[in-house]
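Enquirer: Listed below are the residues making up each chain.
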Amino acid sequence: MLNHKYDRDIPSAEITRESDYLSRRRFLKNLSIGAAGAAFLAACRSSGVTQPALDATPGSTPAAAYTGGQRDELGRAITSEQSITTFNNYYEFSTNKDGIGELSRNLVTSPWQVEVGGLVHQPRTFDVDELIRLFPPEERIYRMRCVEGWSMIIPWQGFQLSKLIDAVEPMTSARYIHFVALHDPVQMPGQESDYFPWPYEEGLRLDEARNELTLLSTGLYGRPLSPQNGAPIRLVVPWKYGYKSIKAIVKIEFREEQPATFWNTIAPDEYGFYSNVNPAVDHPRWSQNTERIIGQPVRIATLPFNGYGDQVRSLYEGMDLKENH
Amino acid sequence: MRVRHIFWFMVIMHAGCLIPLAWLGAGYFFGRLGADPISALEQFSGRIAISLLTATLLVHPLASLLKQPLIMKARRPLGLYTFAYVLLHVLILVGLDYRLDIPLLVTSYVDKPFIWFGAATSLILAALAITSFAWWRQRMGVWWGRLHRLIYLAALLDLAHFFLVVKGNLLSLSGNLARPSIYAALILLLLLLRLPVFRHHPCPDISTHTDDT
Ligand code: HEM
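Taken in sequence, the protein lines are chains G and P.
Heads up: the first sequence at position 40 corresponds to 40 in the numbering used here, and the numbers run straight through without jumps.
Heads up: the second sequence at position 40 corresponds to 365 in the numbering used here, and the numbers run straight through without jumps.
Treat the hints as calculated values from the structure; they're not laboratory data.
None of these values were measured; they are calculated from a predicted model.
One should not assume that every hint holds.
To be verified - Reference excerpt, derived from the structure (chain G facing chain P, CB under 7 Å, subset only):
hint: 1; residue: Y195
hint: 2; residue: A267
hint: 3; residue: R285
hint: 4; residue: I294
To be verified - Which chain P residues stay away from chain G? Per the calculated CB distances, all over 12 Å, these:
hint: 5; residue: A340
hint: 6; residue: L390
hint: 7; residue: I440
hint: 8; residue: M465
Backbone N, C-alpha and C define an ideal beta-carbon position, used for all residues, glycine too.
Could you build the full structure based on these sequences and the hints that come with them?
Expert: As structure tokens, this is what we get:
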């Protein structure tokens, strides 16, 4: 496995220079990001959004074919599949990133049901295969920024969470969505630790959940998710720190009150409910002003909202983002 | 224990301290440290440093317990190895991770308490390493022993560094506390053993006639 030696040779020119980045931003700003804008963006793959894949085969191949996108809309090269599938946090299995693959390999991910309920008119329990049939996977190349100061660029397959939200018809009183992951200490040995408030749970405000970037993912690099990456279905919220993107979801509940979240319960002043990527708000241990993209040796500046400000800034109008970190 | 035995004891001690270095170096150059080799180096070097610091503290109680004063010979090299790994730990952060971008390093870390605990530990260990030579020992008299008792302070500061660097919350006893807790238990035990109440049979100065050899 010589990949990191290889990665070290990637010229730093591959990393978008600030000036390129700024001009691209300006270009994006000049587009009207309405439906027409979105379609245009999809066509030129400028927002990381590509057209739905054609072969949304149900059942055994729950991920659309990887269409070969190599860069995100900022021009950053996607991270190697080897790195994406072997390096991440998943405390249900191990606090050691290298230990997850082995311990998670035999997680039973099929059949798998997701219970969708709470303040909705059409509560339902879905089979994951059924979700994939109902909402054919599309490809999204997203940056993933971990609060620990590293990041990846990942070609996901999945569907917009908004589609599922529309399908279950939330009541007007629903303001938040609460996500709960599998709790099964037999299969997930990390859950035997009493130091953590299992099961893993996360939450979004309903308008955040409806944002066009918010994805329920079932695959990456054209393959179904491996257990290590959150099989069979996980959340991806690219403008927030990675831990918001909960894995192995079994329950989605619409609520009026803000739900508790895993890391916020453990250390409220370190991990806020919103957890938007924000270089101006440091974590007590990790400065958030820079990051290292996995496979690349140099630190680069971290962007507000992880570079997705144009799509999400309006969600937080009038809010103090230091206070609501 | 005879001199022949202590020879092999020292060989094993040196090997035990050098093998992790070889393993880290090889792992880095052959790309076997996972997707983020720089963080892996940072963390492993830190863990080796605190392990060796604990081992250094263990030498005296072990020598007393086994009534084997010759074991004391391992203390100075273990202390120096600890300091060497601390240096490596810091050099990896400054050189590999931050590529000598000192202004960025400073703005990123000045307000992070865990760094100050690490830095204080490093300063103490540096002072102990420099004064570990016989030349200093003779010159410093009783002050040498007093200064070198700071190793316990260093161990405590380093525990704070470790507890603060892992994810979690000590107050609510939640998070990633298993690893630092193990070191904390060991170090506190070794500290207790140094308290006069627990030293009914203080090994009469095994250190003075063995350390300088
Ligand atoms: C100026 C001095 C020091 C600096 C700047 C420093 C910096 C750091 C940093 C940045 C980390 C976090 C690495 C990561 O999570 O990626 C860390 C972790 C650590 N450091 Fe230090 N450190 C210093 C001194 C020390 C000393 C003296 C020791 C022990 C004798 C030590 C032991 C550790 C340990 C055990 C960890 C945790 C590794 C883990 O996550 O398992 N450090 N240090």
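Enquirer: Report holds if the minimum CB distance from L390(P) to chain G is greater than 12 Å, and violated otherwise.
Expert: holds (33 Å)
Enquirer: Do the numbers back the hint for Y195(G), that is, is its least Cβ distance to chain P under 7 Å?
Expert: holds (5 Å)
Enquirer: Holds or violated: the hint that A267(G) contacts chain P, with Cβ atoms closer than 7 Å.
Expert: holds (4 Å)
Enquirer: Quick check for students: does the CB of I440(P) sit more than 12 Å from each CB in chain G?
Expert: violated (9 Å)
Enquirer: Mind verifying the non-interface call on M465(P)? Its CB should be farther than 12 Å from each CB in chain G.
Expert: holds (37 Å)
Enquirer: Classify the hint on I294(G) as holds or violated, based on whether any CB of chain P lies nearer than 7 Å to its CB.
Expert: holds (5 Å)
Enquirer: Does R285(G) pass the interface hint, meaning its C-beta sits closer than 7 Å to a C-beta of chain P?
Expert: holds (6 Å)
Enquirer: Hey, is A340(P) genuinely clear of chain G, shortest beta carbon separation above 12 Å?
Expert: holds (25 Å)
The structure fails to meet hint 7 from the earlier list, while all remaining hints are met.
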